[in-house]
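With these hints in hand, go ahead and build the complete structure from the sequences.
As they're listed, the protein sequences go chains A and B. FYI, numbering that gives the first Met the number 0 numbers position 7 of the first sequence as 6, with every residue one higher than the one before it. FYI, numbering that gives the first Met the number 0 numbers position 257 of the second sequence as 256, with every residue one higher than the one before it.
Hints in this document: simulated from the structure, not taken from any laboratory. Among these hints, one or two may not hold up.
[As the list claims (entries may be wrong)] Covered stretches of chain A (chain B as the covering partner; in silico rule of three or more C-beta atoms under 8 Å from a C-beta of chain B):
no.: 1; stretch: 154 to 160
no.: 2; stretch: 200 to 207
no.: 3; stretch: 252 to 263
Built from N, CA and C at the ideal position, the CB exists for glycine as well.
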Amino acid sequence: MNKLKQKDLILYSGLIILGLAAPYLFSAFKVQLTYLCVLIVLAMTWNLQGGEMGYNTFGNILFYGLGMYLTASVQVGMFFPLAEWTESGGEKTFVHTTSQYFQGIGVGLLVSAIIPAIVAGAIGYAILGLRGHYFAICTLGLGIAAGEIAGGIEIIGAGQGFTTPPFPAEIVDTEARGKFFYFLSFALLIGTFVFVKYIYGSRFKLILNAIRDNEDKAEAMGIQTMKYKITGWMCSAFFCGLAGGIMGGLIGYIDSTDVAFDGREMGVFMVLMAILGGKGTLWGPVIGATLFHFFKEGLWTLILGWQYVALGVLIVVIVIYFPEGLMGWLREKYPERFGEVIDEKDRKAQVELK
Amino acid sequence: MNKIAKLFVTFISAITLALVSFSSSFAKVEGEYIVLGSAISLTGKYSSNGVHTQNGYNMAVERINKMGGVEVQGKKYKFEIIYYDDESNPKRAAQLAERLIKQDGVHYMLGPYSSGLTKAIAPVTEKYKIPMVEANGASRSLFTKGYKYLFAVLSPANQYLEVAIDLAVEKNGGKGVKIAQAFEQDAFSQDVRLGILDAAKRTGSEIIIDDKLPKELNDMAATLAKVKATKPDVLVVSGHTKGALTAIRQISEMKVDVPMLAMTHCDAAKLSKQHGKKSEFALCASQWHKNLSYKDKFFGSGKKYAKDFQKEFGYDPPYQSAESSAALLVFKDAFERANSFDRDAVRDALVDTEMQTFYGNIKFGPGGQNVAKPMILFQVRCKGDDCENRVVAPTKWASDKFYHPIPKWSERS
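In structure tokens form, the structure reads like this:
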């Protein structure tokens with residue numbers, strides 16, 4: 000057992016070192032690496048609902064978009080009148096000083112974590128009573144509705160979109176912005192991973208699994224399922240909000256339906272990545288997101304115009320050949336490597352019974 | 000667990016290797032090629048206009064290369080463009096701009112299609128000090144951000160339909176009119192709307208319907224029902240190609256009678272071809288029309304350009320293609336005047352641009368917008384079943400008289 004722990008330690012420290020060194024090793028790829036961190040976070044948090052709890056949600060994009068708008072709004076609103084900032088054709092220009100920029104984004108991220116969590120609690124209370132397809136469809140509506148509503152609110156730019164504060168011009172280094180957002184997202188990734196790993200070792204995860212496997216029985220065992228379902232969703236919302244906040248700053252321009260409440264892309268990708276890697280596992284979403292991102296960045300541009308066809312084929316292949324994801328497939332192929340012991344006698348006995 | 004760990008480590012190292020092996024990038028100028036980069040909408044909601052833009056770029060690249068290319072320090076260079084598909088998505092566009100600059104080593108950019116995407120790319124090009132000549136981002140807010148490396152060959156969006164309101168007021172004997180308007184929820188159309196609001200205030204007109212249309216625009220029946228009930232003097236619609244097509248389709252289906260109908264993107268939507276007589280009398284804002292009398296040595300006149308374009312791509316060039324071709328001419332001119340590949344020298348040369356192209360005069364204002372070229376209005380007119388766009392304003396270019404008011408559907412054959 001101790002030896003195993005040591006191996007883990009080596010793995011984690013190796014990954015952290017790689018993560019810290021990455022922006023220097025692959026300087027040109029900083030933005031893609033930042034995306035990767037955010038994608039992994041989204042896949043991992045989706046996995047808490049879709050994988051562990053068995054509630055397939057398309058609604059996590061709501062928290063992501065919310066986080067994006069909140070961070071940007073706070074960052075601007077702390078120092079300047081928000082309405083004048085977003086007014087298009089306004090002749091005034093506002094420039095954040097270096098300290099204003101970082102203070103703003105710091106407070107903004109804090110808000111973008113807390114408010115989505117609260118919203119998740121409130122919405123969860125209302126809709127987590129739905130199950131199966133009904134829940135999925137309902138959450139699908141959430142993201143779409145949020146996009147349309149955000150597109151009508153003048154103070155956050157409405158259909159014009161919201162240009163987030165540019166990185167302070169006083170910092171001359173053109174690489175600084177990329178590094179800043181990379182490390183921010185990497186820190187978020189580590190935070191999320193540690194949190195999810197902690198959950199994996201806790202009773203909370205078992206309760207979520209119990210809800211997935213048979214909610215009525217879980218209820219009958221005396222578990223207040225509603226409470227746990229809401230808590231689970233709030234945890235996801237917390238991290239999704241942060242991810243959104245970082246992305247908003249990185250992209251520099253928030254559009255209501257295409258960037259923030261981007262259910263058609265990010266909302267689908269997070270589900271796809273978790274399923275590709277293997278839902279209901281700790282590493283599955285990480286591997287899934289990484290593979291997906293490399294597939295997307297590597298092949299996307301080679302097949303201009305056909306990329307969505309390729310994506311469709313990928314989805315079909317995953318669903319047919321790897322319904323349990325890569326981790327699930329590996330687990331079936333090499334069960335002993337996952338610490339599962341198969342008693343040959345027992346297996347034979349079962350076969351005979353059939 | 001340790002086996003998985005091994006697997007994972009192998010996986011990571013494989014990726015690392017792969018990454019390192021394709022980090023080698025292009026140079027800004029490679030051999031005899033000047034490499035330009037552009038993220039463009041080949042798929043998604045702007046795909047048709049994205050293709051118009053790309054065709055415009057390609058046509059100009061081919062023509063300039065064929066006619067001797069760009070001469071810098073006595074050596075001839077050719078243009079080459081690296082394209083990526085931004086999927087009509089600002090998030091993707093920003094990412095691809097980063098990729099073009101950092102990975103492909105592009106030092107000069109051409110703009111994407113639409114204001115929203117240009118808004119997403121501009122902060123990136125600005126950050127890396129990459130000159131970008133864009134031909135399809137007209138939103139006024141692009142030119143008030145103090146961008147130094149952004150140059151637009153087109154007139155800002157708020158100017159698109161202001162003239163139409165003036166025209167309506169004039170026809171109304173100088174009195175204010177009742178305006179009904181519906182705009183798509185995107186940066187460009189919302190800016191057109193602001194232009195109308197200004198014009199309404201200026202002329203004492205009243206806005207009686209002010210609707211927003213969704214981005215995936217397939218239905219505006221609700222707005223049209225209101226128009227039928229309230230009988231405004233002018234109906235203004237803007238929502239890129241889909242907006243123009245939807246408006247004409249539903250106006251003719253619902254037989255909505257309105258004395259004046261002003262729109263954008265009629266030529267990109269090939270309105271007169273697709274809807275024929277149903278689109279007759281629609282008034283459209285345009286950056287360019289082939290009948291204008293501008294000239295340059297590469298494409299000759301607008302008519303010649305239209306003919307060559309038709310031969311190459313099989314359709315009449317919308318203004319989106321023309322302005323995109325013009326962007327290349329601007330770049331060529333700037334490179335030759337700078338006589339250098341230094342980005343700041345090229346940027347300074349761009350600032351001083353003052354030229355005539357087949358598309359119009361080009362001179363950049365302090366915000367980077369083109370201040371030397373007016374917008375034009377044309378009206379769809381039909382002879383029998385053959386419909387055509389005729390320029391009606393400004394009077395200097397007008398080939399036809401503005402037909403007003405639009406006859407009622409019951410009187411149209």
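Each hint, compared with the structure:
1. Residues of the stretch 154 to 160 of chain A with a Cβ under 8 Å from some Cβ of chain B number 4, which satisfies the need for three, so the listed coverage holds.
2. Judged by the Cβ-Cβ criterion of 8 Å, the stretch 200 to 207 of chain A is not covered by chain B as claimed, because only 0 of its residues qualify and three are needed.
3. Here the stretch 252 to 263 of chain A counts 7 residues with a CB under 8 Å from a CB of chain B, which clears the bar of 3, and the coverage holds.
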